[in-house]
Every structure is written in C-alpha cells, then in structure tokens.
Amino acid sequence: MELTVKLQVFEGPLDLLLHLLEKNKVNIYDIPIVEITNQYMEYIAEMKRNDLNVMSEFLVMAATLIDIKSRMLLPKKESEEEEEEDPRAELVQQLLEYKMYKCMAYELRDRQMDAEQVFFKEPTIPPEVAEYEEPVDLAELVGDMNLAKLDQIFKSIMKKQVDKIDPVRSKFGKIEKEEVSLSDKMLYVEDFCKTHRNFSFRNLLEAQASKVEVIVTFLAILELMKVGKIFISQEHTFDDIKIESKMAA
Amino acid sequence: MEEKNYEAIVEAILFTMGESVELEKIAAALELDKKETKKIIENLMKEYEKPSIGMKIIELDGAYQMCTKSEMYEYLIRIAKQPKKHVLTDVLLETLSIIAYKQPITKVEIEKIRGVSCDHAVNKLVEYNLVKELGRLDAPGRPLLFGTTEEFLRSFGVQSLDELPMLDQVQIEEFKQEAEEEMKVKLDI
Amino acid sequence: MEEKNYEAIVEAILFTMGESVELEKIAAALELDKKETKKIIENLMKEYEKPSIGMKIIELDGAYQMCTKSEMYEYLIRIAKQPKKHVLTDVLLETLSIIAYKQPITKVEIEKIRGVSCDHAVNKLVEYNLVKELGRLDAPGRPLLFGTTEEFLRSFGVQSLDELPMLDQVQIEEFKQEAEEEMKVKLDI
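Chains A, B and C, in that order, give the protein sequences. Counting from 1, one number per residue, gives the positions in the first sequence under my numbering. Counting from 250, one number per residue, gives the positions in the second sequence under my numbering. Counting from 439, one number per residue, gives the positions in the third sequence under my numbering.
One thing to keep in mind: the hints can contain errors.
Claimed, not checked - Computed list of lysine-lysine pairs in DSBU-like fashion (alpha-carbon distance at most 35 Å, straight line):
1) C:K484 / C:K463
2) B:K318 / B:K305
3) B:K330 / C:K472
4) B:K288 / C:K472
5) C:K463 / C:K494
6) A:K149 / C:K562
7) A:K69 / C:K472
8) C:K519 / A:K159
9) A:K149 / B:K330
10) B:K381 / C:K472
11) B:K318 / C:K540
12) C:K484 / B:K284
13) B:K351 / B:K373
14) A:K211 / A:K229
15) C:K522 / B:K318
16) B:K318 / B:K373
17) B:K299 / C:K442
18) A:K160 / B:K253
19) B:K299 / C:K550
20) C:K519 / B:K287
21) A:K160 / B:K284
22) C:K463 / B:K373
23) A:K229 / A:K99
24) B:K287 / C:K484
25) B:K356 / A:K155
26) C:K476 / B:K299
Stated by the list, open to error - Some chain A residues near chain B, calculated using beta-carbon distances under 7 Å:
27) Y106
28) D110
29) M113
30) K121
31) E122
32) T124
33) V136
34) L138
35) L150
36) F154
37) I157
Simulated from the structure, these hints should not be mistaken for lab results. None of the values given here were measured: they were computed from a predicted structure. Don't be surprised by glycine CBs; every beta carbon is placed ideally from N, CA and C.
Work the whole structure out from these sequences, hints included.
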C-alpha cells in the first residue's frame, strides 16, 4: 500500500532524482553525487519491496548513482593528455532531457484544459446526401494482398511472440531473495575487526559467497570508515586496500 | 463577454445538439423566459436567411433545429462521392491476420498477441466489412468475439475457413526450437 | 444562386460533416484549386471570430473542423452531454509529450528517456486514440513506431505538430548558460 502512495509522488527514478535535486536546491549541472546517492538509497530502503518490477527500475538508477559515486571517489588520472569526462555528464544529459519533457507535459495539460471547453457535432448527413455515401471498395482496398501474404504476416507476428519467450530465462527457476543486509554485514566486519586488527580487503572479500555479499561488504567497509570505526589505506591505485580497526579491542 | 451574445449561445446550442431542441431547454440554458428566448431565436432565424450562410434554422413543433440549406446538397453530395482513401495499414493487416487465424477471438486476446490496444484497428476492419462480431464469449464481462466475414474470404480468394492454413501446435513448437537453436549458437561463440 | 456563395458552401460542408474535412475534399466540392479554397476558408474563419457567432473553425493538420467557441461552454454544459474526457495522469502526459516531440518513436526509446517501462502508458494512449502505431522500425525485432493522432491535435488545441510549444534550441542554450554561470560563481568563492 505504502508503495502505491509513494509512486504517485515519483513516477520513476528520474522523477525521484529531480525531486531530490530540488529539495537540496542544487543545480542539475552540479549534483553532489555522494549526498544525492545517500538520499536516494534511503528512499529505496523505505520502499516496501513487494513490487519487483517497480523496484528494479529504481535499483537500476541506484546502481548508476553508485557507479558514478565510486568513479568520483577514485583518484583522477594524472595525465592531462585527455580531459577526463565528468562521470555525471551522462546523467545530467538524461535529467535535462527528462526535465524538458516534464515541462512540456505541463504545457500540454494547460492546452488541454482550454481545448476541453469546446463541443463538436456529430455528422448529420441529410438523407438525400447519405444515399451517395459510397461503400468501401473492397477490391481496391485489398489490392494485391492475398492469403499467402496474410499468412506471412501472421507467421511473423507469431514468431515475435515466440521470440519474446527467452529460451534461457524461461528455464530459470524461481529467484529467491538473498537476505544480505548492510547492518548484518557491518556487524560481521566489526566482529572480524575484533579478531584481525589489520587485514586485507581482498582477503575479506574472498570469504564472501556471492556477488551480493561482496557488494554489501564493500558498502559496509565504506560505512564503517565514515563513522570512524576503521581506517583504510592504499598505496597505489588498484593495490590491495589495507584495513585497520580503530575500535577498542 | 460583457453583454451576453444570446444569439451566439443559441447558435452554439443548436450546432452542438444537431437534432431539434425544445424552446424550454434553450430558455433554461439562457436563463431567460420563453418569450424572450423565442424572440432571440426568431432574430437568429432571420439572420440565417442570408444567402451567405449555408445553414438554416427550422421550427418543428415548438422545437428548433439547425440544418443545411437544401441548395447546399449538391456540394455535400460531391463531398460524399469523393472516394475515401482507404488503406490497409500494417496495423490493420496484422490485426486482420490474427483474427483470420485465431477466430473466434476477443479484443483482449488480440491485444495480448500484438502488445498494443486494438480497438481502433478492429473497428476499422468491421467498418470495411472484413471482420464481424460473432457473438459473445461466455466469460466474465462477456467480451465480444470477432471473426472474418464472407467478404474477407472473397477478397482474399479463400473458398472456406477450413482453407486457412492454420499455424498449428507443431509449427509453434518448430518456431520455439528454431529460436532456441539461434540462442545456442550465440552462446557457443 | 447566381454567384456561388463559396463561404456558405464551406460552412454547410463543415456543419454537416461534423468531423474534420481535408482541404482537398473541400476544394474538389467547390471545384476550385487548393490555394483559392484555402483563402475562402481563411476568410470564413476570420468571419467566425465575431463575438456574435457561437462557433469557430479550427485547422487540424490540413483539415478543417467546426466546433463551438470555448466561451459557450458554460451554457452548453447545461444542455449538452459533456464530451468524454480522459483524465491523463502525469505518467500519461509525460509519455504523450515524449511521443509528440520525438515521433516516430519506439517504446524502448521512450523508456530510455523516462527511465521507466512505458508499456501501460502507451497502450492507454492508443486506447484513448491520442497515439497510434505508425508502422515498424526497420531494425532487429522490427519494433512498433508510435506517433500522435488527429484526436491528439484536437484535444490539445494544436493546429499541427509544427505548432507544438517548443523549448527551442535558444531556450535550451540559455538554460545551459545560466547553469554554467551559477557554477562559476560557486567556483569563485
């Protein structure tokens, strides 16, 4: 129920994103991606996860935001040969275009309200005139269309139908939701910190069973770093990350 | 509109309704009494007598109706006589082929196959007399069932419905296998 | 009628047909060329602007239709049935505006702009006869192409697609520069 109420407010991820930008009074061209991503994730966390179709649309955008966020966290290439593109550029473009159509939609609504005040008339063709209404000339209409061609059309439609059934995915079983919560993972990492004061990020990831676990572990590390429970260091780009516990043993 | 243009309102009413409208009703819309209303209508009727106007207002038993002047008939007939440009568009052909091979079929089923609403296409095909209603499906909402007409058979050179080569289960299976083969080839690369 | 009252004929045609009538057809009925016919229709349209007349003539993509003036609405609503209105949600309006500006367009392209699946919205718009299929794109999967209908023009009081309210290139540029100015200010601090 809650979901439908919220969805009336946000018609999709771009809509939500625009709302967040407005709420924070920031310019589309200068999205504070870290803040916005956090707020976006908070919103997703609030959504009841009962409509996977809707959720997935929001999640795609969440992934995009996190992708941009992580790219912005990475140190910039030092070579100045090619100017690095702002990772936000594509999103900005998409937001601008979406905003433009949203603006047009309002304009259309105004016009519709004006146009609605008008009445039209049903045709009233006098009987003397109606007699001359020519029947549709079927022979001309059908032209050189024949059964064989119609058959072709039908087959191509049916083939499209069959194509829609993804032969790989249709064989998949049910997808079970994996329960990997960020808070659980944080507890896990904190525990790990108690036994290992200094450890390697890679080692920690090796202990993770699935992709989801790896991702959530990474998020847990970021979160713990933010609250100051751990300290991380890395000598060079792509080197292993060293993690040091800042918590009392 | 500072001063109400009563004549314009009467005009608009008669135009919109198309059929005859009783004096009472017009008076109620104008918020005037019948006598005043009648005077306005009579003025308007006189105005319409001008040859520069193509319509006239007639009185029928205390009701009024706007219609074309009979001098205009010859032009209207010319409009009616102009062959309409009818074309079987892709949309119509696709819809027709689905109806032909899957009849009797409901609009909902057609929509399922094409993925788009088919109201307009089916209505056009009915207008062209290529498709007709066959009755109603005994299911919730009692949806209409559609099928092809005799004219369809004639125009497409089919002797009888049995002659419609059916895409049977076997063929659908073949399509499926074909699609799977294609996928396998892709995965092998 | 010694001299033809062309304006009266056009009036009678538009009145009788009720629906939109293409310029070609009117020209054929008048036995005039399109240019002359257009001039006559335009004169008539101007004539109809007088406040003493309750109707107006609108242009829809090269066709003409007679309807009532919006000032008449309050009176007509007392007597006539409200024309059927489709309530368009934000989703439908956004989807419609994308289709209107980008036609012909496929569902996939619409989804790219809105970031949300648009199946339902497009189907509803087709059902409301605001959007129609324009054929198929010559690309893998032959996806359907969509565009707006004449009903769209009518419902939104637009004469032709060229007349759609435009965020033109200039406006977009201004918009961008504004944003860039703001950025600079921020960087200066």
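Subject >> Contradicted hints - numbers only >> reply: 4, 7, 8, 10, 11, 18, 19, 21, 23, 27, 28, 29
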